[in-house]
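Trainee: Listed below are the residues making up each chain.
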Amino acid sequence: MADKKEWPLWEVFIRSQHGLAHRHVGSLHAPDAEMAILNARDVYTRRNEGVSIWVVRASDISASSPSEKGPMFDPANSKVYRHPTFYEIPEELGHM
Amino acid sequence: MSDQAALFEYLLRLGDNALILGHRLSEWCGHSPALEEDLALSNVALDLIGQTQLWLNLAGDVEGRGRDADKLAYLRDARDFRNVLLVEQPNGDFAATMARQFYFDAWHYLLLRELTGSKDSRIAEIAAKGLKEVTYHLERSREWVLRLGDGTEESHERMQTALDDLWMYTGELFETDEVDQAMIRSGMGPDLSTLHEPWLGLMHATAEEATLTLPQPGWAQRGGKRGMHSEHLGYILADLQFLQRAYPNATW
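Protein chains in written order, with my numbering: chain A, 1 to 96; chain B, 1 to 252.
Don't read these hints as lab results, they were simulated from the structure. All C-beta atoms in this analysis are idealised placements derived from N, C-alpha and C, irrespective of residue type, glycine included. Careful, some of the hints might be misleading.
To be verified - From the structure, some residues in chain B lie toward chain A, with a derived Cβ separation under 7 Å:
hint, residue
1, 32
2, 47
3, 49
4, 50
5, 122
Said to hold, decoys possible - Computed Cβ-Cβ distance ranges for the label pairs, DEER-style:
hint, chain 1, residue 1, chain 2, residue 2, range
6, A, 70, B, 93, 51 to 59 Å
7, B, 200, A, 65, 41 to 49 Å
8, A, 26, B, 30, 16 to 24 Å
9, B, 125, A, 51, 34 to 42 Å
10, A, 9, B, 125, 49 to 57 Å
11, A, 6, B, 31, 41 to 49 Å
12, B, 30, A, 27, 46 to 54 Å
13, B, 213, A, 27, 48 to 56 Å
14, B, 93, A, 72, 28 to 36 Å
15, B, 157, A, 62, 35 to 43 Å
16, A, 24, B, 226, 36 to 44 Å
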């Protein structure tokens, strides 16, 4: 490579045999999306971990900012009533 | 040549192709252009070594002289190896490795696909298992030929050089001798010459998409299938067989 440019970084999401959703498993470098999927297959599914792969350019991910952690998440701390733990379940319903 | 002798030879060819190419690819381990590529090439190498074990164990059974895959891999001399010349060619640069791989994978894929219909169920089973792996090998090497061919000026030039340099070793893949004839007669293996057209079709389509020029049909270097090898095989075997030669019967 003449310009020595690094391949872009891709985030890899794998859905496992019994999983319902794709889970983030790690990242890797690849020149483009097709190669990123092939690389993900070789790096992250060697031991039968997956049945489906998603890759997304790391630079395309928008993330919440760690410095705003307080205002973002703390207010939910004091709102226990948002958890459905205060209902009495009639016995005849059994486990829900 | 008896049918049994022909089958033994044929299985050696299948096993030795996988063994020697697998070994070649393993030489990239720790040296690949990127970590991801290192893992990918090692995976392909391991697939091929796995296939080697199946083919050579079956060859040993057919021969009936108590040789298993390890004995056949570690204790034969170069003259007794039956791999095609293509797979013993040096790794060169990454483009050369990918050109060698693409030429071989396309042929390997077509061959295994035919062998899944072999009258010998042992051959059909091994071919079916290998075909899944090789389908992926082919996808990967094809993608690389496309990217290097249609990449930068330098990658294009290197890929073109690699295609040109290795072209003369592709003719041997489709050559049919008395061993192949015996396999065709017994319904165990395909007529290799019939694989040439689909192989060329894939080569042309890929070269065009990759903005590369496929070399013209020309003189073919041959002999590996009959044990006439280039000097490279001796060096490969020196590496591959050293431990068993220096410490006979050493086990893991």
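Trainee: Each hint: holds or not?
Mentor: Going down the list of hints, with the structure as the test:
1. Taking 7 Å as the C-beta contact cut-off toward chain A, the hint placing residue 32 (chain B) at the interface is violated, the least distance being around 11 Å.
2. The beta carbon of residue 47 (chain B) is not positioned within 7 Å of any beta carbon in chain A (closest approach about 11 Å), and the interface hint is therefore violated.
3. With a least beta-carbon distance of about 15 Å to chain A, the hint placing residue 49 (chain B) at the interface is violated under the 7 Å criterion.
4. Among the interface hints, the one on residue 50 (chain B) is violated; its C-beta lies about 13 Å from the nearest C-beta in chain A, farther than the 7 Å criterion.
5. The closest approach between the C-beta of residue 122 (chain B) and any C-beta of chain A is roughly 26 Å, which is over the 7 Å cut-off, so the hint fails.
6. A hinted range of 51 to 59 Å for the beta carbons of residue 70 (chain A) and residue 93 (chain B) is consistent with their spacing of about 54 Å.
7. Checked against the hint of 41 to 49 Å, the C-beta distance between residue 200 (chain B) and residue 65 (chain A) comes to roughly 57 Å, which is inconsistent with it.
8. Taken as a hint, the range 16 to 24 Å holds for the pair residue 26 (chain A) and residue 30 (chain B), whose Cβ atoms sit roughly 21 Å apart.
9. At roughly 24 Å, the beta-carbon separation of residue 125 (chain B) and residue 51 (chain A) lies outside the given 34 to 42 Å, and the hint is violated.
10. Between residue 9 (chain A) and residue 125 (chain B) the CB atoms are about 41 Å apart, so this pair departs from the stated range of 49 to 57 Å.
11. At roughly 18 Å, the beta carbons of residue 6 (chain A) and residue 31 (chain B) sit outside the given window of 41 to 49 Å.
12. As the Cβ distance of residue 30 (chain B) to residue 27 (chain A) is approximately 21 Å, the hint placing it in 46 to 54 Å is violated.
13. With their beta carbons about 37 Å apart, residue 213 (chain B) and residue 27 (chain A) fall outside the hinted range of 48 to 56 Å.
14. Separated by about 50 Å at the C-beta atoms, residue 93 (chain B) and residue 72 (chain A) break the suggested range of 28 to 36 Å.
15. For residue 157 (chain B) and residue 62 (chain A), the Cβ-Cβ distance of about 40 Å falls inside the hinted range of 35 to 43 Å, so the restraint holds.
16. Distance hint check for residue 24 (chain A) and residue 226 (chain B): the Cβ-Cβ separation is about 53 Å, which falls outside the suggested range of 36 to 44 Å.
Hint compliance for this structure: hints 1, 2, 3, 4, 5, 7, 9, 10, 11, 12, 13, 14 and 16 are broken, all remaining hints hold.
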